[in-house]
Structure formats: structure tokens, C-alpha cells
Amino acid sequence: MTNVYIEGIGMTKFGKFVDKSMKQLLVEASIEALEDAGNPKVDAVFVGNFMGGSIGNQEILGALVANELGLGHIPTAKVEGACASGGIALRQGIMGILSGEYDTVLIAGVEKMKHASTADVTQAINAAMDNESNEKQAGLTFPGFFGVLANRYFYETDATKEHLAMIALKNRENALHNPLAQFQKPTTMEEIMEARIITSPLGLFDCSPTTDGAAALVITREKGAIHIRSSAQSSGPTQMQDADDLLSLPAVRESGRLAYEKAGVGPEDIDVVEIHDCFSMTEMLAIEELGFFNKREGWLAVEQGRTKATGDKPVNTSGGLLSRGHPIGATGVAQMYQLVQQLRGTAPNQVENARLALAQNLGGTGSYSTVHILERL
Amino acid sequence: MKVYQCDQCEYASVSNKYRCPSCGTGKLQERDVSSKGTVYSYTDIHIAPAEFAHLAPYTVALIQLDESKAKVTVRTDGNVQIGDVAELDYVEDGAYIYRKC
Ligand SMILES: [Zn+2]
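Chains A and B, in that order, give the protein sequences.
Going by my numbering, the first sequence opens with residue 2, and the numbers climb by one from there.
Going by my numbering, the second sequence opens with residue 339, and the numbers climb by one from there.
Check before you lean on any hint, since a few could be wrong.
Pair by pair, the computed Cβ-Cβ distance ranges are [to be verified]:
1. B:ASP415 - A:ASN127: 20 to 26 Å
2. B:ASP415 - A:GLU195: 38 to 44 Å
3. B:SER372 - A:ASN127: 29 to 35 Å
4. A:SER55 - B:LEU393: 20 to 26 Å
5. B:GLY432 - A:GLU69: 43 to 49 Å
6. A:ASN40 - B:ARG357: 45 to 51 Å
In silico DSS-like links for lysine-lysine, alpha-carbon gap of 27 Å or less [said to hold, decoys possible]:
7. B:LYS340 - A:LYS137
8. B:LYS438 - A:LYS296
9. A:LYS42 - A:LYS224
10. B:LYS355 - A:LYS162
11. B:LYS438 - A:LYS42
Sample of chain A residues at the chain B side, in silico, Cβ under 8 Å [stated by the list, open to error]:
12. TYR103
13. THR123
14. GLN124
15. ALA128
16. ASN132
17. SER134
18. LEU141
19. GLY145
20. GLU191
21. MET194
22. ALA196
Since the hints were derived computationally from the structure, they do not count as laboratory data.
Don't be surprised by glycine CBs; every beta carbon is placed ideally from N, CA and C.
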């Protein structure tokens, strides 16, 4: 159990913002979070970001935030953990408060991807693979990794591409009610099933988009309404060929196990969940690894609608990465934005009387995972 | 095909590590094994990064080696299905190119 509370949240609209700089997005989300928290004195800043240097030629994001907001000479840092950068930045802030060094920390996450060409973005994303490996040289990509997992999942279970489409459709339907989500156009099973193939069996709707956006949180040791019950982080293989069980994401499993243990709760106690659905297949595996459903039976739960906002284990009520959007460094922070709203009772796709919430943020091909469990006091 | 086999437990990988990640105490020993194996899973990559775009669509497969617990990620010459038997054809720019037997 931690003694850390979330006092403020902020988030920009997710989408394509050619006229806004990465700094502007970061500052916009941070100011909203500070105002929501009642403008407390901030002792440190941690910013989650992945490719600001490689495709934006902009680093020193922590110092930029402190300077733009007039926070004084406080320490700041940028945290990189591929798509888990946001979750790890939050965890670094929590550790800073737990150590006794800080009372109040501003966490922000940002990415600006839409200005770059698809080839440049794909190249920059590939920095999150082991680039010296024979696997990368074979031409494996991120969607390729989850395509290989999906084909094996179909082979070992009775699941089909339709089950992945059900996940994509559910997340799109959730996004329709989220004004900050990137995709707000309705879709159908037919459109999803017939969309062009990216890496078989995954089609366009099975893959998260590139996105511009930022999110921010103010966390503090002063007791408030939203308690961070636990924070956990784990690592996993950086190469597919090193997976002991291909249909397992050990970093997700282990970070979940640790987070439950520290919080003193189990998967059955969680009321609402944000999961790292970088691909529809990733959500399928993560709902199993986090213990919500049995291994190789997640597809049954999906078929029965149990992960819909109206189901008994609502997953990605924000629209998830697939439809809320995936500005890489902001994602882990944006998950918390949705869950805090759920616990305050003000969320899009509000789950009635939600008290315990769980967020899981993944980086690389299962290389990093963070899990945070929140509680409404 | 070179694999690295733990001297204390069953763990094996095509990449070397300082310490066995499975038992935490064993040392990995280099071994030569047959490249022959079975397709464990695969994907056909239609959208590729710039450096592989000229190959698309191409197939990447995970091969379970016959003579080791290790698996290896390869590019295949043509389409494959799970269960197909395949072996190394040649090595290109650090990638193993497999063909069906
Ligand atoms: Zn061992």
C-alpha cells in the first residue's frame, strides 16, 4: 500500500494537431491537472515520452515543463520506457513520494507523432526492439509480433479473427462517448473484418493509431479521495523467440501479481480496468494475464460481452489505445485520467459505483509493464 | 544453428545471456544443433518499415527447433502454416531465411 493520492488530472484531446508543439500539449495538460488539484506547490516533475528526440528533436521535457509553468528550481526528469513511458513516469513520482523526498509531484506524458511520415514513425517505434537481434533482421515488427501471437492463439483455442474484431468494436463504441478520444466515428463488425491486413491476421482496426496528445496528474502524500493502493513494475523478454510460453506476457502477469499483492486485493475485486490494447490481441492476452479470466479463455469472456462497459469486468471504457488513441508517452497517464474519472463518478461510460480500478501499461514486445491499482476512499 | 543451453536447467535460447534467466544460477553453454524445426506460429507482414518495404508481403515465422528447447524467429521463403517442417536455407544480413522441407 502506498501513502500517495491523486489530486488532479488533465488531458488534451487526442488526435492530429499540426499547429500545436509537443511543449504546448504538455503545458496544456499540466495546467489542467494543476488547476484541478487547486494549484499546490510542486516538488518534482516526471515526464513520460518516447520519441520526442528521434522524430521531434526535442528533449529536456522535464525542464521545459518546470520553466513554462514557473515551478522554480525543482528537480525534473524525462522517463523513457517505450509505450510504458507514462506508467513508469508515474511510478517514479510515487517512489519519490514514498522515499520521503517529495510531497507533491507533477506527472505528465506526451507524444507528437502525426507530423512525421509513416516510414519515419515506424522506424522510430522499432527503436523499442532489440535492434541487434536476428529477429529484428528477419523483418519482425510490433504488429507482426502480435500477429504471430494471434495465429498461435487461434490454433490453441476456438477463437477466431471475429473475437479480435469484437474487442476493436467494443473499444470504438466506448470512444464514441469520450469527447477526448481520437476516433469518434461509429464502425461495424463487417468494416473491421474486411479492413486491409497489416500483419495477418491483424487488420487496420486491430492496430492502435499514431496520435498527438498529452495527459498529466498531480500526486501527493496529503490524503485525498483517490488513493493509489499499489504501484508495480516488471520486465519481460525483449525478443519473441525468448518467450517461454508464446501466449503469455510475463511482464504483465508479474506486474499484476505484485500489484494485487501490495494492494491486498485480487482480480475479482476490481470494478473497472484500463488495459494496454496497442493491438486487439494484446487486450486478449492481458485480460488473461491479469487474472480476470482463465488462460486461453479470454475470447469466451469477450464473446459474452463481459468486458463491455455494461459487463461485469469493464475494460477500456475510455476507448483504449485502439480508439482513444496512443500518443506513446502519454498513454500510461491517460489511462489514469480515465480511471480517476471513473472513481469520481464523472467518466464517459461510467461504471456504476466503481471503487477499485486497475491500469496496465505495456512497453516494447512485452519488455516493460506497469500496473497501478486505485481506490476511491 | 547455434543455441545456448543452461548447464543447470532446461532453458535454451538462440541468444547468449550472462546468466540463465530461468533458474538464475546456471551458465549458458554454446551448442550446435540442426536448424530443422516446426513452425510454431507465423504472420504475413503486409505493412513493413522502410528497410523491409521492398520485401512486403513477406512471412515471419517462429520455429521450434527439433534438437533444442530454443525457438528461433526467421523469415520464410513463401507462405507457411503452423506445423510445417522447415530448415535453414541461407543467412542474409543477420536474418535466418528458412524454407519448407
Ligand atoms: Zn537455468
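Structure-based check of each hint:
Under the hint 20 to 26 Å, the C-beta atoms of B:ASP415 and A:ASN127, about 23 Å apart, fit the expected range. Checked against the given bound of 38 to 44 Å, the beta carbons of B:ASP415 and A:GLU195, roughly 29 Å apart, lie outside it. Checked against the given bound of 29 to 35 Å, the beta carbons of B:SER372 and A:ASN127, roughly 31 Å apart, stay inside it. The beta-carbon spacing between A:SER55 and B:LEU393, approximately 24 Å, falls within the hinted interval of 20 to 26 Å.
About 44 Å separates the C-beta atoms of B:GLY432 and A:GLU69, a value consistent with the hinted range of 43 to 49 Å. Between A:ASN40 and B:ARG357 the CB atoms are about 49 Å apart, so this pair conforms to the stated range of 45 to 51 Å. For the proposed pair B:LYS340 and A:LYS137, the alpha carbon gap of about 18 Å is at most 27 Å, so the pair holds. Annotation: proposed proximity of B:LYS438 to A:LYS296 is violated, straight-line Cα distance about 31 Å (limit 27 Å).
Proposed proximity of A:LYS42 and A:LYS224 is supported: the alpha carbons are some 15 Å apart, at most 27 Å. For a cut-off of 27 Å, the pair hint linking B:LYS355 to A:LYS162 is broken: about 36 Å separates their Cα positions. Simply put, B:LYS438 and A:LYS42 have alpha-carbon atoms about 65 Å apart, too far for the 27 Å limit, and the pair is violated. Look at A:TYR103: its Cβ only gets to about 34 Å from chain B, farther than 8 Å, so that hint breaks.
Because the closest C-beta pair between A:THR123 and chain B is about 4 Å apart, less than 8 Å, the hint holds. For A:GLN124, the interface hint holds, since its Cβ comes within 8 Å of a Cβ in chain B; the closest pair sits about 6 Å apart. With 8 Å as the threshold, the beta carbon of A:ALA128 stays out of range of chain B, its nearest partner Cβ sitting at about 11 Å, so the hint is violated. Violation of the interface hint for A:ASN132 is found here, the shortest Cβ-Cβ separation to chain B being roughly 10 Å, above the 8 Å cut-off.
For A:SER134, the shortest C-beta to C-beta distance to chain B is roughly 7 Å, which falls under 8 Å, so the interface hint holds. Look at A:LEU141: its Cβ gets to within about 5 Å of chain B, closer than 8 Å, so that hint holds up. The beta carbon of A:GLY145 comes within 5 Å of a beta carbon in chain B, closer than 8 Å, and the hint placing it at the interface holds. The interface hint given for A:GLU191 is broken, as the beta carbon of that residue sits about 20 Å from the closest beta carbon of chain B, more than 8 Å.
For A:MET194, the shortest C-beta to C-beta distance to chain B is roughly 16 Å, which exceeds 8 Å, and the interface hint is violated. Residue-level restraint check for A:ALA196 is violated (minimum Cβ-Cβ distance to chain B is 12 Å; threshold 8 Å).
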